[in-house]
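Put together the whole structure using the sequences plus the hints.
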Amino acid sequence: MIITGLIVGLVLGFVFQRGRFCVTGAFRDLTLTGNTRWFSVLIVLIAVHSIGLFLLNSFGVITLEAAPFPWLASIVGGLIFGFAMVYAGGCATGTYYRAGEGLVGSWFALIFYALFS
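Be aware that the sequence shown starts at 438, since it is given in my numbering, and climbs by one per residue.
A portion of the hints provided could be inaccurate.
[As the list claims (entries may be wrong)] So the derived label-pair ranges between C-beta atoms look like this:
hint, residue 1, residue 2, range
1, Ile548, Ala484, 28 to 36 angstroms
2, Phe451, Gly497, 26 to 34 angstroms
3, Gly519, Arg474, 15 to 23 angstroms
Derived from the structure by calculation, the hints contain no laboratory data. Glycine is no exception: its CB is placed at the ideal position from the N, C-alpha and C atoms.
Encoded structure:
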């Protein structure tokens, strides 16, 4: 299990770093320049994730249960997370590969991700 996690982490890290993938950048490019490249990738990611969850649930590997929706916590958490993403200069994905590249500001963002997640 640990080896699988390391392999998947290395592959995803390589792909994210080489592709410069960032969710914040996807929305920024879409709204400021009209470039849909990364937003399209994000939509494909969501679709693949949804299909994977459906299959895992169908085969009984996981159980998906509906819980009451915490609307106030979602709004407050979303606002805090959104402001923090802009302040940190990117989303968690971008912060991970930027920290690996040696960007010290991303190191601090990762520390706060770890403390407050």
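To see whether the hints hold, each was checked on the structure:
The beta-carbon spacing between isoleucine 548 and alanine 484, approximately 33 angstroms, falls within the hinted interval of 28 to 36 angstroms. The given range of 26 to 34 angstroms is respected by phenylalanine 451 and glycine 497, whose C-beta atoms sit roughly 33 angstroms from each other. For glycine 519 and arginine 474, the hinted distance range of 15 to 23 angstroms is satisfied, since their beta carbons lie about 22 angstroms from each other.
Checked against the numbered hints above, the structure breaks none of them.
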